[in-house]
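Enquirer: In case you want the letters, here they are:
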Amino acid sequence: MSAAIRTEGLGKSFTLHLQGGLRIPVLESVEMAVAAGECVALAGPSGAGKSTLMRLLYGNYGAGTGRILIRHRGAEVDLAAADARLVREVRCETLGYVSQFLRVIPRVPTLDIVAEPLMARGVAREAARARAAELLARLNLPARLHGLPPATFSGGEQQRVNLARGFVPGYPVLLLDEPTASLDAGNRAVVVGLIRAAKQAGTAVIGIFHDTEVRDQVADRLFEVLPMPVAA
Amino acid sequence: MTALGYNFGYLDENTKRMIRRALLKAVAVPGHQVPFGAREMPLPYGWGTGGIAVTASVIGAGDRLKVIDQGADDTTNAVSIRRFFAKVAGVETTERTGEATIIQTRHRIPETRLREGQILVYQVPMPEPLFRLEPRVSETKRMHALADYGLMHVKLYEDIARHGHVAMSYNYPVLVGGRYLMSPSPIPAFDNPKMDRMPALQLFGAGREKRIYAVPPYTAVKSLDFEDHPFRPARADAPCALCGSRESYLDEVVVDDKGGRMFVCSDTDYCATRQTQREAAE
Amino acid sequence: MSALLEAEGLALRFGAVPALDGVALEIFPGEVVAIVGESGSGKTTLLRVLSGMMRPEAGEVRYRDPEGGFHVLHEMKEAALRRLHRTDWGFVHQNPRDGLRMRVSAGGNIGERLMAVGARNYGSIRAEAAEWLRRVEIDPARIDGMPALFSGGMQQRLQIARTLVTRPRLVFMDEPTGGLDVSVQAKLLDMVRALVADLGLSVVIVTHDIAAARLLAHRLLVMRRGQVVEQGLTDRVLDDPQHEYTQLLVASVLAA
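Chains as they are written, first to last, in the numbering used here: chain A, 30 to 261; chain B, 11 to 292; chain C, 8 to 263.
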């Protein structure tokens, strides 16, 4: 069975030109594969490169070596080699990412932030807003906040907006970076329910979960990210 | 007989030839402004030097000349120019529109419909219709070259937005032959429709600005407008106090110191002819 | 899907200074591309060459018309280029005074492009102008107001309305927030972002504001000394810059 997303020999290092060309290797020869409906949790000590791997998978960082193969429009495409337009297309239709922090867009109301990825896929504005409102309600974000830009929201409220934006389109592949970090128990349970429902619907999920309780409820297996030996 | 010491029509033959070349080009490209080398005339700019240069270049010994100023044959300017050509070209002059072969005019088109073979020569103070909107001459030239006339419509739009109608009662811009935007010279907008498909040849001379342009016979001349604000020629809502005409363009004449006034035809020949006909009928 | 605009091998020098040095790029339908770089890097020159306002010494810019035909931009006649600039293309200047007629009312400014392409119904021109004022968040009651009496931010929004009224497919923007207060910039950027998404516009925007580029652009070109030193997906160029100059540029910005 082919994976929804997999990597071949994926590696990444950073070259800091402003620090005399210092080269920092972070990942090497990462081989992972995640099937539809499967949830894989990234494990490993802090600083091992879990977040870097997530960003590589999303195309936010450019891969140094290797390939990132994602099933998109019925065929595998290599995100590591894709041009900007193809990456955008994959992000619009196939690949979602919930980061730890919401990047706030000035003046745009919460409801529109959540509805935007649906509209980008061609869902009519009103239908998209209705689905966004439904999901925000499920995440216990009061309706009176839906019309406000989230700039002034608390950390937990912003994270729920971010989660709603990531879950609303139903991407075939979803990346979750600490999705429950700032949430209370009740909302953590809601997120667990969302992840389970997404898996049920065939979504391949890759997550970083510091909250082992949540991790154990959703993850099918762990994928160990090993720290690189520090160059002598 | 022409006055001693002057060439026929005052201008020397080379100058006339140069102006005729400009006229031919102007007729070939209706509404397009053609530069020409204006010569010193025995009267100042603003008194019709451009019109006189054009008339001098087209007039022949057999022509009969009529000159009007604001429609009248008997104003100083009209009388002077008529005498000038009588002296330097020895041509016959007339006040009758129908009898003239060349009519030089300032600010009017005669009421009597012109016919084939006649030439109407306009005196033009400012030939560039866009000059108030676009001060750069190089840019107005480019706008003409590209038929880029949106700006003229902006002016019309602004007038309607501000006044509820186009606030141009004279020198109302026209599009000639569907191509060139043209200033009709400061004739009242009332006269604009007479230019459209006129059987006579229309020539325009601007002496100070050194430009000649033309509208050949039977050329379409359309006043700019909007579909929902169509061009409407306006005249005072009164009959002529002398001849009773309800069709002609009227001048308002103050008759005493107590605010008394009356409306009379601006076209003196037209008015006089109608009065004569009425007396004859009685 | 083929590009709306393609350029290759663009070169131009000002004396000994290379303003453009082998620049190539493509703009696709619906794509927002930002050109960033310091003053004098050649970004404004590139915009002027791409939009046909300036001629390169070498290289070619090709434009695809709505029927799919390709035209070499600098071989087009001036009349065709002008028509292009008031129909299928738009240009938003940094200084609104360069893009507006200051002695013509707001409605007349918006209406001019419509009238230039043959609109001859006063009522519908006015209705369209009022609608566009509303879209750029200017009170339609100010339709007869003079731009000179508008604030800088309003003037810039009016310029955008005037540019977009003919529904261009490709809009060039030269530092559109350059002369505005920070608070006004945010509002304008957000408005541009929404309009671009609603209308599916392609935009080439020159800016030195990295935050603006991140907000608006799908793709980023980093220019230095007339060359494109790095380009790609906006968030990747900003979060994982490869070239030394890009790293310096990103590092110099506060929390972009």
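Please keep in mind that the hints were generated in silico from the structure rather than gathered at the bench. A couple of the hints might just be wrong.
As the list claims (entries may be wrong) - Using 30 Å as the maximum straight-line C-alpha spacing, the simulated DSBU-like pairs for lysine-lysine come out as follows:
1) B:K232 <-> C:K84
2) B:K97 <-> B:K26
3) B:K151 <-> C:K84
4) B:K35 <-> C:K84
5) C:K84 <-> B:K97
To be verified - Which stretches of chain A does chain C cover? Using the computed rule of at least three CB atoms under 8 Å from a CB of chain C, they are:
6) 85-99
7) 132-144
8) 213-222
9) 245-254
Unchecked claim - Derived Cβ-Cβ restraints for the label pairs, each shown as a range:
10) A:A180 <-> C:P73: 52 to 60 Å
11) B:D84 <-> C:R104: 50 to 58 Å
12) C:R104 <-> B:Y55: 53 to 61 Å
13) A:F130 <-> C:M153: 44 to 52 Å
Virtual Cβ for every residue (Gly too), placed ideally from N, Cα, C.
Enquirer: Please write out, lowest number first, the hints stated earlier that are contradicted by the structure.
Expert: 5, 8, 9, 10, 12
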